[in-house]
Structures are given as C-alpha cells and as structure tokens.
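From first to last, the protein sequence lines are chains A, B and C. For the first sequence, counting from 1, position 232 maps to 232 in the working numbering; every step adds exactly one. For the second sequence, counting from 1, position 95 maps to 95 in the working numbering; every step adds exactly one. For the third sequence, counting from 1, position 134 maps to 134 in the working numbering; every step adds exactly one.
None of these hints come from the bench; they were simulated from the model. On a predicted model such as this, the values are computed, not experimentally measured, just so you know. For every residue, glycine included, the Cβ atom is placed at its ideal position computed from N, Cα and C. It is possible that some hints are incorrect.
Here are the simulated DMTMM-like pairs of lysine to aspartate or glutamate, each with C-alpha atoms no more than 20 Å apart in a straight line [claimed, not checked]:
id	chain 1	residue 1	chain 2	residue 2
1	C	K168	B	D352
2	B	K90	A	D108
3	A	K144	A	D247
4	A	K102	B	E135
5	A	K342	B	D72
6	B	K90	A	E122
7	C	K98	B	E335
8	A	K342	B	E109
9	B	K385	B	E293
Take a look, some chain B residues computed to stay more than 10 Å from chain A by CB distance [unchecked claim]:
id	residue
10	G28
11	L101
12	L194
13	E214
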Amino acid sequence: MTLATLARTRLGALRRIRAAVLGAAALSLAAVGHARAETRLTIYSATDTSAMTEVIARFEATHPAVKVEYVEYNTSELYEAIASHSHLVDVVISSSMDLQAKLVNSGDAYAFRPPNADALPEWARWRGELYGFTWEPVVMVYNKAAFADRPLPQTRSELAGMIRDDPDFFRGRVGTYDIHLSGVGYLFATQDAQRGYQFSRVAESFGRARARTFCCTREVLDRVARGELVYGYNMIGSYTLGVVREDERIGYYLLDDYTLVMSRTAFIPETAPNKRAAVSFVNFLLSPEGQAAIATSPELIPLLPEATIASGHSGVPGTEGRSLLPIRLGTGLLTYLDRLKKEAFLADWSAAMQVDSASQ
Amino acid sequence: MTLPPPLPEARAVPYSLRRRLTVGMVAGFLALLVVLSIGLWTYARNAANQTYDLLLAGSAIAILERISPTPDGLIVDIPSSALEIVGLAKEDRVFYRVFRLSGRTLTGEPDLPLPPGGVRAGDQPRFFDAPYSRETSRFVLQGKLIIEPTGPDWIMLQLGHTRLARDTMQMDLFSKGLAGLVAIAVLGLVFMRLGINRAMAPLAGIEADIRGREPSDMTPLDAKPPREVEGLIGAINDFMGRLVTSKEHAQSFIADVAHQMRTSLAALQGQLQLAAEQDEPERMRQRLERASEQATRTIRLTNQLLSHAMVTHRGIDEPVEKIDLMPLIRTSVEEFLRHPETEGIDIAVLHDDLPAGSALLVADPVALREALRNLLDNAARHGPKDIRIDIGLSRTRIDEREALCISLDDSGPGIPAAEREKVLERFYSLNRAGGGSGIGLSIVNAVARSHGGRLALADSRLGGLRVELDLPVDGPA
Amino acid sequence: MLVEDNDELAEAIIDRFRGEGHAIDREADGEQASELLRYKTFDLILLDVNLPGRNGFEILRQLRLSGDHTPVMLLTARSEIDDRVVGLDAGADDYIVKPFDLRELAARCRALARRRAGESSNLFIAGNFTFDRAAKRATVDGQDVDLRQREVQLLEVMIGNIGRVLSKEEVADKLYTFEEVPTLNAVEQIMTRLRRKLEGAAFSIRTIRGLGYIASVRDE
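For reference, chain A alone in the conformation it holds in the complex:
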C-alpha cells in the first residue's frame, strides 16, 4: 500500500493531495522496480486511510500481483474529480451515497456481479454497479457529564422541545455537520427532511440554540469530549463507536423515532484501467474475508452482520429493536442533488440556522 495522504483532507487541500499523489506514483514506481509485473490499483476514497489500512493489507496479501494506491479525498472533491472524468481511477469509494448514485446514474460505472451478490441487502446495491460494503447507523452523541442529571431526548421532537425549553443549556453547545461542506451531512439532512416535519422543527430549534456546524464527525466528537459541546446530532456511528470506546467522556445513543443507516459504497468507473483488479478488490470488500477485515477497523462496521459477530465486536450496541432506516441506493437519492432543489434546501437550512460561519 502506498499512503498517498497522511493527513486528513480538507476543503482546499486538493493541491496538496495532487502533490501527494505524484509522490505516491514515484514511490510505487520504485516498488515496481524490484517486484515482478504488478498491477497498480488506484482507489480514490472518501474514507480515512487509517480505517482502510487493514483491509487493503489483507487484500494485497491475497493478491500479491496487485499494489493498491489509495488516495484520500473528501466527498465533494471526490465527486468533482470523478464527474470531470479527468482521472483514471480503478475504484471509487465514498460515504456519500447520493453523490455515488449520481455518478452511477450518469452511466460512468462498470457493471459486474460479485460472487455473493445475493447475500447483500437490496438497499445496499444498485444496477450491479454500485455496492455498499459497510453498515453505519447515524447516532447522537452527548457529553456524559453535561447530561449526568438530565434526561436525553428520545425523539427528534423531544430534542426540539428540550432546546426550546432550555435554551441557555443548549445555546452554542449543539454541534452537527455543516451541510454546505459535508456531503454526508447534506445526505443525512436531506434524508431527515424526507422523513417528516420534525426535522424542520429540529433545524429551527438548532438555529434558535445557535447550533454550531462542522465539517466532520471527529471535530464534533472532540468538542463534545471536551465539553465545549454537549450534544452532537447525526454522527456517523462507526467513527463515533471507535472514539467512544476510547473516551469515557462521550456517550452515544439512538433516537426512538428512527435511525438512519448509511453504507460506504464502491464502484468501478467504466474508464478504469485495471478492471480485473478493481473487480477483485470490490469482490474482496464484499466477501466474508473482506468483511472480516473491515470488522477489525475500529472506525468501520461491516455490512454483513455475520462478519460483525465473527469479529467479536458487538457492532453498535443499542441498535437492537430500533427502527432502522437504511438509506436506499437508487434514483431517489438524486432528488436533493437537483441544482434548484439543493439551492433551496441549503437556503432554507441557512435561514433556519442563521449560522455565523465564524464558528469554524
């Protein structure tokens, strides 16, 4: 594996990444020099390199002729890079299911059938081109100390009610994604918006509580841990779980009304130079072995529950019996990517939040 990026990518970091890719190319060329004929598999991914290290290592172990070049992006930049067709990429991985769906809808994906395709849940695959390989509930986090003597809101309307009833406690201390910056955040928000009227109440109450928005889950988690924030809304469950395991100060839970479940997805562009290696990589991700490798990552939860159980982890505790709403891959995801729709939604959100970006 070639580590193309060592640091988290951010908006505007594209130049840095390009440089890193060049470096990676030099590195991998050096690697080719003393190895036999190798295929270099280029993966563009909006998932932390650290989360994928073990998976890639195990893949390379079973496919000695393939060297993986892993390039990390954030979701929006990744979408732009692929949609512009300016890069030759073998596998595209992203947590932003809607953007992935849009890329596939535009006809850029290559169709193939993994050996265990039938074992995959229907919502996590589309057209034989786009495959989800993780199972990540969207959870709420809170500062344990802050909520030591107060009840946690169990539904979204309770949350909105609590914020309304105790504005002083929550003011400036609720955190969530900046949906302008985070593709996943936008996905969660639009999914929420489709689930019902409560979301507009929640957004409104966030605005009233001067909620703060961030680009990434970890930013929120850090602040909740420090007590800077007391409540984090719509955090990716897998990351959260990894942090919560290490940090006593943070708690997480699922709301009673519903819990979104998202899946990181992978597809192979039609233009992929190494389709065979790409197919074997995605097949590996979906195979029991690959799922088991995913289970070893503290930041990821495999799609197949068997893999979670086999790994010895208990998945995300507290999900049993909850109304889980997996986000379906398909054309429905395209709705909020409509230019006008998105403009209107972001405008509504901004209006509700009355955000001052200075919080960044």
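Put chains B and C on the given structure of chain A with help from the hints.
Relative to chain A, chains B and C alone:
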C-alpha cells in the same frame, strides 16, 4: 437392335406422403410462428412501454405540480417521490431536465436529446425513444403553462430513463408468449402426425390385401376406402379388370395362333411327306410346288400374326407424334409396288381436298404403316392381277372431333354385307386358298381402335370393297 | 458374302445363289465377319442383324466408316420398322424381313447389283432393256429406241430413282432448268410418249394418280 439397359436412377426413390405432409405442416407452423412472433414482439414492446410510460407520466405530473411561480421567481421543487416512482424501474438510470420553451435549462441535464420534430408547447405528455448516455432511453416531455409577472410561459419537463426494465419486461412477455406458441405448434404437429397415421391406416389395409393375394386373384378390392383414395381404388380395380380382359384376350389369341400355326405347319409337313413318297420326278415336283406355296402361306401367316401382336402391343403406348399422312402413304405405296406381283395393279391417291402438308394427325406411324400395308396387301391378294385401287384422303368427324378418313376402294370381288362384321375378327378369311390368313383386317381394326378411330367396310364405286379408316386428328381421346 | 448365324437359312440362301451361278462366302460370327471385311471386298453383303459377337448394325456402321460402299442387304428378323430405319440410317442399301421368299431376296439382290453396276459404268441393263448414259441410247430387245432429248432426260431421272415415287412437280424440277417454265401437262405428254416407246421393255414407268410416277424393273 438391342435396347439399352434401364438406367438405375430411372427408378426414383418413392416419396413419403407422411413426410411431405409433415414437412408442409412444419413449414406452415414455422411461418405462422414467425408472423406471430413479430406480432408478439410488437405487442410485448407496446405493453412494456405502456406500463412504464405510466411511471414516467405519473412522475412527470408529480414534478410539474411542484413547479410554481412566486413573486421572487419560479420555484422548481422536484419531489423525491417523483424520482422514486421512476426508480421503480429499479435498475434504470433516470434523467430529467426542466427548461423553458425558449430552451433555457432551469435544472437537470442540459444535454438531453429532444424528440423528433422538436419541442412543442402543450400539456399533453409526449413519449419518445432517443439515445442518451450510451443507451437508448425512453422520455416523456410535458409542459406546464406558468403565469409569471413577465407574462405566461411554457415550462417543459423532460423526464426519462433507460430501457432496461422495459426490455426485460418485453423479453419476458415475448418469451412466455412464444413458449405458449411453440407448445401449441408442437402439440399441433403431434396431433397432425397422429391424424396422418389414422388417415393412412386404410391404405395399409389395402396394401395388405393386395400383398396377401394369390397372383391369379383378380377380384376387385373390397376395401371401404376414404373418399380421397376412392379414385385410386377404383383405378386399381379397373386396372385389374383390364388385366383380366387382356389376359383372356391373350389366352384366346395364343390359342388361335397355336391352332393356325399348327394347321399351317401340318399342311406343309403333309405336302413334304407326300413329295418324299413320290417316285415320279414330275409329280414330286408338283408336290414340292404345293409345299412351297404352303410355306409361303405359313410365312405370311407368321408375319401377319407378328404384325398383329406388334400393333396390339404398341396400342398400349400412346401415340404422340404429329405426322403427315401423305409421305406415309407414299412410302407405303412405294414399298407395296416393290413386290413383283403388283405389276399390273393400278393405284391412285385421291387427296383433292387436302393440299400437301395438311394431312396432319397425332398417331403412331409404325402402326399406321402396318394398317396401310395390310389394306393394300388385302386388295392385291383377293383381287385380280389388274385390280384398281384408289386410296382416298379426306376430312371427316368422329363424334364432333376432327378426323381424317383414309379410304381404300378396289375393283376386286368385295365382301358381302353379311360377312363384313366377321372379317374384322381374327382368322376369319373368305379365301383361304388365296392365302388369306384372316388377320389383315383385324390388324387394321386394332390400329383404328388404338387410335380412337373406327374402321368401316362398304361397297366400292369401283365394284369391290371400300374400306374407311377414320382417325381423330388430335390422337386417341 | 453372307453373314448369317442360322445354318439352315444360310444353307438355303447359299444353295440358291450358287444355283444362279454366284460365288458366295458365309460367316456365322459377327466379330469374324467384321475382321474378314477389313481386308476382303465383295460385290454384295447379306447381313443378318442379330448375330453372335457383333450385331449387324455395328458391322455396317464400321464398314461405312471405313469408306466401303459395297451394297448391303439387311436381313432382319424383326418386323419393326424402327429396325429398318436404323438399318438404313446406318448405311444399308435395302432390307428384307424374315421370313422371306428366296425368290424375292434374289430379285432384290439383283436390283442392288444392277444399281451398283449402273453407277459404276454408263450402261444400265434390265432384262431386254439397256440404256447407255454416255451415248444417250436406249434399246429394247436389241432394237434402238428413238428418243428425243427431253425423253432421254426423263429416262435418266427415272432410272436414277427406281422404286421411288416421284411427283410430277419433282420430275418437272429435274427436267427443266430454272429459267424454263415447266408445265405439268408437258411432263405428262413427255411421260406418255416415253412410256409408249418403252412398251414391252423390262423397265417400265407407272403412273400413280395423285402421287406421281414410279419406275420399276420387271424380272424375267
């Protein structure tokens, strides 16, 4: 002359009625299948289109409903339900575009293909296929009239998806329909085969009947044949009847011939024995003379019998040649006059109403020549040395059919009216002593019959016999 | 020469011809006859059709192919005219159908021999009648017959077509040149005069009304 051996391939492999019917029916069914398949294919396509066009139409309505003017401008709020409805065609990619009639894209893919004939204002959905994004896609185009502050304008929605689900449904409908058709065709063929076998069963019974017979058993088949082969059975029975008749004729002919030959040869032998017993040379010579005469008669009898057999035999084969009677008469006369005994005979050929080259008819020239030769011989043999013979050629009719009449008048003794019927029979001769074998006229009669003509005897204006041989111009009926 | 496989018939024919003072060879096998004909010539060949070895038609065809024009009389056992036609096509000069009268055979053979002789020499002889083509002179019983030019021409035509019926038109065509305008009446008149002058001759011309004329030779 020896006949060449029959060619082995002359006997073609017999064809199978069953196979012919089967091949015909299979071909028919296949043709029908092809026609029905084309129809089915079109039907399946229309059905799939109609089904999925409903999805497009529903989604289009849902989207158009959410296009509305506000004081701040136009709102296009694509409902998520709309794309999800189209997404019911699960594997298909979805494209849309909202644009003004002027062409300005408000949202969606700006490069969607327009329908053939261009965009027209109107709120009725228009469906069409067009290639987009490397696939053929199905689109609906529908407009909505929006009253804006600047005035009314048509906002058009174009919504489409790839044809995967449609093609799958079409293929599914088609293959299921086709399976049914093929099943019906196969069943039909099976029933037809059974039907043929059933229909053929009586034929097998008739075959068994014929095979099981003694060679001499010529009784008619008593099978109850189906109507279609009734004619065949009738023909077989007729044929057997004719075989019986022909066999009887042959038997009586052989008996007659045997009798005639034996008699003639016995006479010859008698004369020779008498001659051998004669001591006196002069009387012996006389005996031998008579033996020689008897031998001549025997030869003539033999020739006549063979000629008769030949004519009868040839009569079975249809004469198909169109021949001119004049050259035939001419060669017959030439041949006749080559015999020295004919020196005193006065022959004339009268064909005034038939110019040269117009005495044409379909006939067997060999048989006709035999007939003419016999008529001439008869006249010469029974008449005086200076007999006059007029050969006449004229047009006549046989039962409305055009015919030619060859007549022969002679100045000989003639045949009494009472005897005329009999001389047409075999071996009836008025003049045995004169070498009459009694077979000459019966040969002519056989020729007349085999040509569908007739032979008549009458008194001649020359004082002797008039023979009229009428032959139809276009051959036997 | 006689080619005939039936011993009895052959004997009768040989006796007949020797009785008339002719020398005659006999061959019973077609193959051998064919061999013999290759190096020996005869005045006349009597040829049976059905022969062991090689049939008569084949022998005849080969004979004619080799340029031999010896007169051939076919003896055929079949009374089929087809046989006769094939025989004549193959180059036979005449045929006779078995069984036949030996006297007739002899007469036919004489006619053949005469025709041959007439062709090779200028002198035509038939019984008491002679005609010298070169001298244009005819005699009956040794007496000169006084013939006009047309009558001589007519005689030549009729001698050349013995046994064949010639129509008046055919005779006229042969008598007159292209420029002359023949009338059938004239032909009749010449014919009548010629016939009168030849009265009592063994060569005679007969009229067949409606057909034409035929010349024939009376034997003895």
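Which of the numbered hints are not met once you compare them with the structure shown?
-> Going through the list in order, the structure violates no hint and respects every one.
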